[in-house]
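2 protein chains.
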Amino acid sequence: MEIGNLENHVQSEPMEESSQAQISHLALDIGGSLIKLVYFSQNSDGGCSKSSVQVSNGNEGGPVLQGKLHFAKFETAKIHDCIDFIQSKQLRVTGCQHNGASANEKCVIKATGGGAYKFADLFKEKLGICLGKEDEMDSLVAGANFLLKSVHNEAFTYMDGQKEFAQIDQEDLYPYLLVNIGSGVSMIKVDGPGKFERVSGTNVGGGTFWGLGRLLTKCKSFDELLELSHRGNNRVVDMLVGDIYGGTDYKKIGLSSTAIASSFGKAISDNKELEDYKPEDISRSLLRMISNNIGQISYLNALRFGLKRIFFAGFFLRGHAYTMDTIAVAVHFWSKGEAKAMFLRHEGFLGALGAFMSYEKHGFDNLMVHQLVQQSPSASHGGDKTHGPADSELNDNPSINCSIYLS
Amino acid sequence: MEIGNLENHVQSEPMEESSQAQISHLALDIGGSLIKLVYFSQNSDGGCSKSSVQVSNGNEGGPVLQGKLHFAKFETAKIHDCIDFIQSKQLRVTGCQHNGASANEKCVIKATGGGAYKFADLFKEKLGICLGKEDEMDSLVAGANFLLKSVHNEAFTYMDGQKEFAQIDQEDLYPYLLVNIGSGVSMIKVDGPGKFERVSGTNVGGGTFWGLGRLLTKCKSFDELLELSHRGNNRVVDMLVGDIYGGTDYKKIGLSSTAIASSFGKAISDNKELEDYKPEDISRSLLRMISNNIGQISYLNALRFGLKRIFFAGFFLRGHAYTMDTIAVAVHFWSKGEAKAMFLRHEGFLGALGAFMSYEKHGFDNLMVHQLVQQSPSASHGGDKTHGPADSELNDNPSINCSIYLS
Numbered sequence: 007m008e009i010g011n012l013e014n015h016v017q018s019e020p021m022e023e024s025s026q027a028q029i030s031h032l033a034l035d036i037g038g039s040l041i042k043l044v045y046f047s048q049n050s051d052g053g054c055s056k057s058s059v060q061v062s063n064g065n066e067g068g069p070v071l072q073g074k075l076h077f078a079k080f081e082t083a084k085i086h087d088c089i090d091f092i093q094s095k096q097l098r099v100t101g102c103q104h105n106g107a108s109a110n111e112k113c114v115i116k117a118t119g120g121g122a123y124k125f126a127d128l129f130k131e132k133l134g135i136c137l138g139k140e141d142e143m144d145s146l147v148a149g150a151n152f153l154l155k156s157v158h159n160e161a162f163t164y165m166d167g168q169k170e171f172a173q174i175d176q177e178d179l180y181p182y183l184l185v186n187i188g189s190g191v192s193m194i195k196v197d198g199p200g201k202f203e204r205v206s207g208t209n210v211g212g213g214t215f216w217g218l219g220r221l222l223t224k225c226k227s228f229d230e231l232l233e234l235s236h237r238g239n240n241r242v243v244d245m246l247v248g249d250i251y252g253g254t255d256y257k258k259i260g261l262s263s264t265a266i267a268s269s270f271g272k273a274i275s276d277n278k279e280l281e282d283y284k285p286e287d288i289s290r291s292l293l294r295m296i297s298n299n300i301g302q303i304s305y306l307n308a309l310r311f312g313l314k315r316i317f318f319a320g321f322f323l324r325g326h327a328y329t330m331d332t333i334a335v336a337v338h339f340w341s342k343g344e345a346k347a348m349f350l351r352h353e354g355f356l357g358a359l360g361a362f363m364s365y366e367k368h369g370f371d372n373l374m375v376h377q378l379v380q381q382s383p384s385a386s387h388g389g390d391k392t393h394g395p396a397d398s399e400l401n402d403n404p405s406i407n408c409s410i411y412l413s
Numbered sequence: 007m008e009i010g011n012l013e014n015h016v017q018s019e020p021m022e023e024s025s026q027a028q029i030s031h032l033a034l035d036i037g038g039s040l041i042k043l044v045y046f047s048q049n050s051d052g053g054c055s056k057s058s059v060q061v062s063n064g065n066e067g068g069p070v071l072q073g074k075l076h077f078a079k080f081e082t083a084k085i086h087d088c089i090d091f092i093q094s095k096q097l098r099v100t101g102c103q104h105n106g107a108s109a110n111e112k113c114v115i116k117a118t119g120g121g122a123y124k125f126a127d128l129f130k131e132k133l134g135i136c137l138g139k140e141d142e143m144d145s146l147v148a149g150a151n152f153l154l155k156s157v158h159n160e161a162f163t164y165m166d167g168q169k170e171f172a173q174i175d176q177e178d179l180y181p182y183l184l185v186n187i188g189s190g191v192s193m194i195k196v197d198g199p200g201k202f203e204r205v206s207g208t209n210v211g212g213g214t215f216w217g218l219g220r221l222l223t224k225c226k227s228f229d230e231l232l233e234l235s236h237r238g239n240n241r242v243v244d245m246l247v248g249d250i251y252g253g254t255d256y257k258k259i260g261l262s263s264t265a266i267a268s269s270f271g272k273a274i275s276d277n278k279e280l281e282d283y284k285p286e287d288i289s290r291s292l293l294r295m296i297s298n299n300i301g302q303i304s305y306l307n308a309l310r311f312g313l314k315r316i317f318f319a320g321f322f323l324r325g326h327a328y329t330m331d332t333i334a335v336a337v338h339f340w341s342k343g344e345a346k347a348m349f350l351r352h353e354g355f356l357g358a359l360g361a362f363m364s365y366e367k368h369g370f371d372n373l374m375v376h377q378l379v380q381q382s383p384s385a386s387h388g389g390d391k392t393h394g395p396a397d398s399e400l401n402d403n404p405s406i407n408c409s410i411y412l413s
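Those protein sequences? They're chains A and B, same order as listed. Residues 7 to 413 in my numbering are what the first sequence spells out, letter by letter. Residues 7 to 413 in my numbering are what the second sequence spells out, letter by letter.
By construction, these hints were calculated from the structure, which means they are not laboratory data. A couple of the hints might just be wrong.
Since copy identity is lost for identical chains, a pair holds within one copy or between any two.
[As the list claims (entries may be wrong)] Only pairs whose alpha carbons sit at most 25 Å apart, straight line, appear in this in silico BS3-like list of lysine-lysine:
| hint | residue 1 | residue 2 |
| --- | --- | --- |
| 1 | K201 | K258 |
| 2 | K224 | K278 |
| 3 | K258 | K278 |
| 4 | K278 | K84 |
| 5 | K155 | K132 |
| 6 | K84 | K95 |
| 7 | K258 | K139 |
| 8 | K278 | K79 |
| 9 | K226 | K278 |
In this text the structure is predicted, and so the values were computed from the model without any measurement.
Hey, can you work out the whole structure from these sequences and the hints?
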């Protein structure tokens, strides 16, 4: 995107509401289950202006675009909906629809996740767009660092139904463990900007919850399955310590009678078939099994490297209270309170944000995204509170007000 | 058991084959899914004799019973079969059926596992027997130490379809990690005889495999489910790295295209219902998910404490080649070859053996079980080989020839 090009564009098309506004700099994260999009829309006052926000990068004098970062997602299986969406947004990216652009001039959208490889040909064919492939781990880490450094009230803890926003000391951010729960799970030790190592992972992740959940409950969507779990009782399905010990604790090793000895262990009974169990009980047991397992493996990896903070992200979470609570309790339990689980409001978009940031890294348009301001008012519910109840809006993909500096 | 009592008994009833022979010293491990039994039968040459085996406990001069330790199991749900079995064996235990025993004289069978608490009243009512409760972890560790120290060709490694018996250096046995996979999983750091700590565990264990497996496949038994997995192809159900990356590896982080990214991740597809998947594919995916997860968590715990050797036991394994292979590969993969998975032939009977040993610990009968000889010939197939193929007989609960010293 060249400055002149953008100015022409802004002048030629009156801005509508942000959802309808001309967008630019779209980036994609195409995972096994979901496609995540991040894109920038300029505010309706339009055009370039001098920065009114204090920034610390010595770029105060450059032109700045005020606008918002928007977030959207699609199922990977419905990738054509995503392509239609991009088409409908009349996206202007570098080289695209640029009068006089030579045939060799590539029209590139930054993309990460395995789908950036798998669907490269499809994007070329349908949109005439090349996917500029960014490494998945690079992108996750860049996205996490960006959110933790630049977005107010991004990180929070969750325990006993209470979320508490965390004030992250920028000087004390690193090292941390980033656990991204998508279809599968990646665990990344982050030591600084661009400095990280994928230390572990597990194949028991969001795809397992949704895949097993579909087979067992016939739910039609991930969110329906998650919603079901809210009403379920896992004790109908799980074998508890008390079920084995005749109602008593196993005190000597600190296991209460209500601790789960064996997930789905009660389903070994000859007397009941799948149809005899309530889908909500199965969903809850499944969610608890997977959340607890991820919490435990995460903690063990944090312990390996002496990391006190673990940030959990990825679309498995869906800002879902019970999921976060189970993960937080697992980390608390296994670490005996030494390690802390934290969550991110834009949990599902780390990879897409990281890919978005990579426009800058590659000096593509001399673009710089810096010093993001507050999240947009529509999503800032509870923004000034440091405590709040479980909130269904918590994860409604809040857009982020931001400024883009053009140097 | 008093010596006189036993001698009377041996004299009054001619010995038949070992399965019919008079038994004594039965011990139980009553878990969430299975009841495991260990009992001693005297050889048909009967009576007490001087030891002909070199022992190192200074007990050479005492009377000795030559015989066998036998192993049996029942489903906990069918506990009445177990009670009938004990009754049919006309068990003589201390105080039981002892003429002149006072009403206060307790008839005690050593028992461990949660069922020792849960079913105490039932045993009292049906058999007039008190269950002498032994701690589950104590028993597991005592059983493991006994097997590793006293039974020839007990421990083996398993990789690529090859088992290799391990010669355990008694001076170099400790510390090790013991992973007992029953309905749930316990992970115990063993530092010496009676010196141990339960450091971790997971509720994703054998009960999860069987419980989820029953719901998903309608199999009628654990062994049927395990057998199914042998013929299955998990790639139909699991989301592989290549499924996300369009058939290519994700080389940068060392994940091949055939690595499982998300267990059951392919089942998120809208196009297929549970009935459209083959039970054998589901079983294999499930087995691989759980085995791999246990292997990973075990390794992470071994790493915490610098333990190079991990012994896996518990009835989940069933001497099943694919299960052991997956666990061994998981430990090898995560530890980059640093840690080694080992297995035990009497994998399912650690707790019951430990409870059996506790007769000695409590000085109950001045009984000592020492210096077990070879496993019985009927079960010693491959006993002298250090290499052998996958063997369906591997886990046929081989009896152990042994001597019981009476001091």
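Each hint, compared with the structure:
no.: 1; hint: K201 to K258; result: between (43 Å within a copy, 15 Å between copies)
no.: 2; hint: K224 to K278; result: both (18 Å within a copy, 10 Å between copies)
no.: 3; hint: K258 to K278; result: neither (33 Å within a copy, 47 Å between copies)
no.: 4; hint: K278 to K84; result: between (36 Å within a copy, 16 Å between copies)
no.: 5; hint: K155 to K132; result: neither (37 Å within a copy, 68 Å between copies)
no.: 6; hint: K84 to K95; result: within (18 Å within a copy, 65 Å between copies)
no.: 7; hint: K258 to K139; result: between (53 Å within a copy, 13 Å between copies)
no.: 8; hint: K278 to K79; result: between (39 Å within a copy, 23 Å between copies)
no.: 9; hint: K226 to K278; result: both (24 Å within a copy, 12 Å between copies)
When the structure is compared with the earlier hints, violations turn up for hints 3 and 5 and for no others.
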